[in-house]
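One-letter residues, chain by chain:
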Amino acid sequence: EDKVVQSPLSLVVHEGDTVTLNCSYEVTNFRSLLWYKQEKKAPTFLFMLTSSGIEKKSGRLSSILDKKELFSILNITATQTGDSAIYLCAVEAVAQDAGGTSYGKLTFGQGTILTVHP
Amino acid sequence: EAQVTQNPRYLITVTGKKLTVTCSQNMNHEYMSWYRQDPGLGLRQIYYSMNVEVTDKGDVPEGYKVSRKEKRNFPLILESPSPNQTSLYFCASSPRPQRVMQFFGPGTRLTVL
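From first to last, the protein sequence lines stand for chains A and B. Going left to right, the first sequence walks through residues 1 to 118 as the numbering used here numbers them. Going left to right, the second sequence walks through residues 1001 to 1113 as the numbering used here numbers them.
It is worth saying that the hints were derived from the structure and are not from the lab. Please note that a few of the clues may not be correct.
Stated by the list, open to error - Not the full set, but computed from the structure, chain A residues with beta-carbon under 7 Å of chain B:
#1 41
#2 92
#3 104
What the hints assert, rightly or not - With a straight-line cut-off of 27 Å between C-alpha atoms, the simulated DSSO-like cross-links for lysine-lysine are:
#4 B:1065 with A:41
#5 A:3 with B:1065
#6 A:67 with A:3
#7 B:1071 with A:41
#8 A:56 with A:41
#9 A:41 with B:1057
#10 A:3 with B:1057
#11 B:1057 with B:1017
#12 A:41 with A:3
#13 A:40 with A:3
#14 A:56 with A:68
#15 A:57 with A:67
#16 B:1018 with A:41
#17 B:1018 with B:1069
#18 A:56 with A:40
#19 B:1065 with B:1018
#20 A:37 with A:56
Stated by the list, open to error - For each label pair, taking beta carbons as the anchor points, the in silico distance ranges come out as:
#21 B:1109 with A:20: 28 to 34 Å
#22 B:1001 with A:40: 17 to 23 Å
#23 A:60 with B:1071: 34 to 40 Å
For each residue, glycine too, the CB sits at the ideal point set by N, CA and C.
Can you build the whole structure from these sequences, using the hints too?
See the structure below:
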């Protein structure tokens, strides 16, 4: 059974701090790892990682994947109150339906609740 | 605007009363999916659909039904809701099955008393 574990489950910091969120996984037929940000609504896509060692960056957010050790980290530097959210890690595996058609199946971690205080 | 819409956004109902949560996307996506989100468990897939008239079970399909008669719509049906189906539900879509889910609906918060 595919498994994705995030840590910590909850984190409280002050504005300006740097945070590191962790995601470890065990899946069969790995294709990619994704990070989503969820505020009081639907998850919104942040990054997709497919190769080890290549950092993806968007503003103050960055992420990297280690396919050998089966984990990823999401870094947020100079945090702001607007970064408060649940951060979800999901791993995409190649699966097949009953008819033999392949598709991308996502397995999500529990999420990390980040709270940034002013 | 490209989007996934769900209705209703909030619903309180009683055990056993059939309900349907609608999901619609305007991006001509082939691949659609339903998830439920519960504290400490993340999002879990209920059902998915690769195209019109093609649906299959996800990880937690018990107590749910779906249909895909048109490409844009993918309703979730609870024939006889029970309290353990109280949850936050998300519909999601993707251009095709080989592409990951990047478009999520706004969510439906369901409470079954």
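Hint by hint, here is what the structure shows:
For the restraint placing residue 41 of chain A at the interface with chain B, the shortest Cβ-Cβ distance is roughly 5 Å, inside the 7 Å limit, so the hint holds. Among the interface hints, the one on residue 92 of chain A holds; its C-beta lies about 5 Å from the nearest C-beta in chain B, closer than the 7 Å criterion. The restraint placing residue 104 of chain A at the interface with chain B holds, with a minimum CB-CB distance near 5 Å, inside the 7 Å limit. A C-alpha spacing of about 24 Å is found between residue 1065 of chain B and residue 41 of chain A, which places the hinted pair at or below 27 Å, so the restraint holds.
Between the alpha carbons of residue 3 of chain A and residue 1065 of chain B the distance comes to roughly 25 Å, so the proposed pair stays at or under 27 Å and holds. Between residue 67 of chain A and residue 3 of chain A, the direct Cα distance comes to roughly 15 Å. Compliance with the 27 Å bound is thereby established for this hinted pair. A hinted pair counts as satisfied when its Cα atoms are at most 27 Å apart, and residue 1071 of chain B with residue 41 of chain A qualifies at roughly 24 Å. Taken as a hint, the residue 56 of chain A and residue 41 of chain A pair is honoured in the structure, with Cα atoms around 24 Å apart against an allowance of 27 Å.
Restraint check for residue 41 of chain A and residue 1057 of chain B: satisfied, since their Cα atoms lie roughly 25 Å apart, inside the 27 Å limit. At most 27 Å may separate the alpha-carbon atoms for a hinted pair to count; residue 3 of chain A and residue 1057 of chain B meet this at roughly 18 Å. Using a Cα cut-off of 27 Å, the hinted pair residue 1057 of chain B and residue 1017 of chain B holds, with the two alpha carbons roughly 23 Å apart. As the CA atoms of residue 41 of chain A and residue 3 of chain A are separated by approximately 24 Å, the hinted pair is consistent with the 27 Å bound.
At roughly 25 Å between alpha-carbon atoms, residue 40 of chain A and residue 3 of chain A fall within 27 Å of each other, so this suggested pair holds. Taking the CA atoms of residue 56 of chain A and residue 68 of chain A, the gap is near 18 Å; set against the 27 Å cutoff, the hint holds. For the suggested pair residue 57 of chain A and residue 67 of chain A, the alpha carbons sit about 18 Å apart, so the restraint of at most 27 Å is met. The straight-line distance between the Cα atoms of residue 1018 of chain B and residue 41 of chain A is roughly 25 Å, inside the 27 Å bound, and the hint therefore holds.
At most 27 Å may separate the alpha-carbon atoms for a hinted pair to count; residue 1018 of chain B and residue 1069 of chain B meet this at roughly 20 Å. Taking the CA atoms of residue 56 of chain A and residue 40 of chain A, the gap is near 25 Å; set against the 27 Å cutoff, the hint holds. As the CA atoms of residue 1065 of chain B and residue 1018 of chain B are separated by approximately 11 Å, the hinted pair is consistent with the 27 Å bound. Restraint check: the Cα-Cα separation between residue 37 of chain A and residue 56 of chain A comes to about 15 Å, which is no more than 27 Å; the hinted pair holds.
At about 31 Å, the CB distance of residue 1109 of chain B to residue 20 of chain A agrees with the hint of 28 to 34 Å. Between residue 1001 of chain B and residue 40 of chain A the C-beta distance comes to about 20 Å, which sits within the given range of 17 to 23 Å. The hinted window of 34 to 40 Å between residue 60 of chain A and residue 1071 of chain B holds, with their beta carbons roughly 38 Å apart.
Going through the hint list in order, the structure satisfies each hint without exception.
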